[in-house]
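Participant: Sequence:
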Amino acid sequence: AGMPLMRPVGANFTRDCNKPPPPPPSGSLKALPAEHVQRFLRLVQDGDYAEALRALRKVRRAVKGRGCSKEAFGGMRALLHHLLEGYASAGRLPEATQLLGDMKRGTE
Numbered sequence: 001a002g003m004p005l006m007r008p009v010g011a012n013f014t015r016d017c018n019k020p021p022p023p024p025p026s027g028s029l030k031a032l033p034a035e036h037v038q039r040f041l042r043l044v045q046d047g048d049y050a051e052a053l054r055a056l057r058k059v060r061r062a063v064k065g066r067g068c069s070k071e072a073f074g075g076m077r078a079l080l081h082h083l084l085e086g087y088a089s090a091g092r093l094p095e096a097t098q099l100l101g102d103m104k105r106g107t108e
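Just so you know, the working numbering puts 49 at position 49 of the sequence shown, and the rest follows in order with no gaps.
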């Protein structure tokens, strides 16, 4: 009759789901301190999300110290999105939603 709605889950599917997300486009990160950004991206790639969150805080402090331009804000948003995608790809959604909740309450 018709095409099946679901494809079988194989080893490749599982590996792809646990794979860290690709980094954001470098153009969106130009206004951020490169050294901190590279460390953050490496930590997300390695799956060290607790340390990546600390690195993201360092980027945010550095940006706040010199005034947050529209470009820097966009870059910070891209890094946050990248971290959240990393949490999701690792099956750690509760941590991602907690982080967003903390940010919304102003405690992050």
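For the record, the hints were derived by calculation from the structure and aren't laboratory data.
One or more hints might be untrue.
As the list claims (entries may be wrong) - For lysine-lysine, the following DSBU-like pairs were computed, each having C-alpha atoms within a straight-line distance of at most 35 Å:
1) LYS104 x LYS64
2) LYS104 x LYS58
3) LYS30 x LYS70
4) LYS104 x LYS30
5) LYS19 x LYS30
6) LYS70 x LYS19
7) LYS104 x LYS19
8) LYS64 x LYS30
9) LYS19 x LYS58
10) LYS58 x LYS30
11) LYS64 x LYS19
12) LYS58 x LYS70
13) LYS70 x LYS104
This structure is a prediction, so every number in the text was calculated from the model and none was measured.
Participant: Now look at each hint and say whether the structure bears it out.
Facilitator: Quick rundown of the hints versus the structure:
| no. | hint | in the structure |
| --- | --- | --- |
| 1 | LYS104 x LYS64 | holds (18 Å) |
| 2 | LYS104 x LYS58 | holds (19 Å) |
| 3 | LYS30 x LYS70 | holds (12 Å) |
| 4 | LYS104 x LYS30 | holds (26 Å) |
| 5 | LYS19 x LYS30 | holds (25 Å) |
| 6 | LYS70 x LYS19 | holds (31 Å) |
| 7 | LYS104 x LYS19 | holds (28 Å) |
| 8 | LYS64 x LYS30 | holds (15 Å) |
| 9 | LYS19 x LYS58 | holds (25 Å) |
| 10 | LYS58 x LYS30 | holds (16 Å) |
| 11 | LYS64 x LYS19 | holds (32 Å) |
| 12 | LYS58 x LYS70 | holds (18 Å) |
| 13 | LYS70 x LYS104 | holds (20 Å) |
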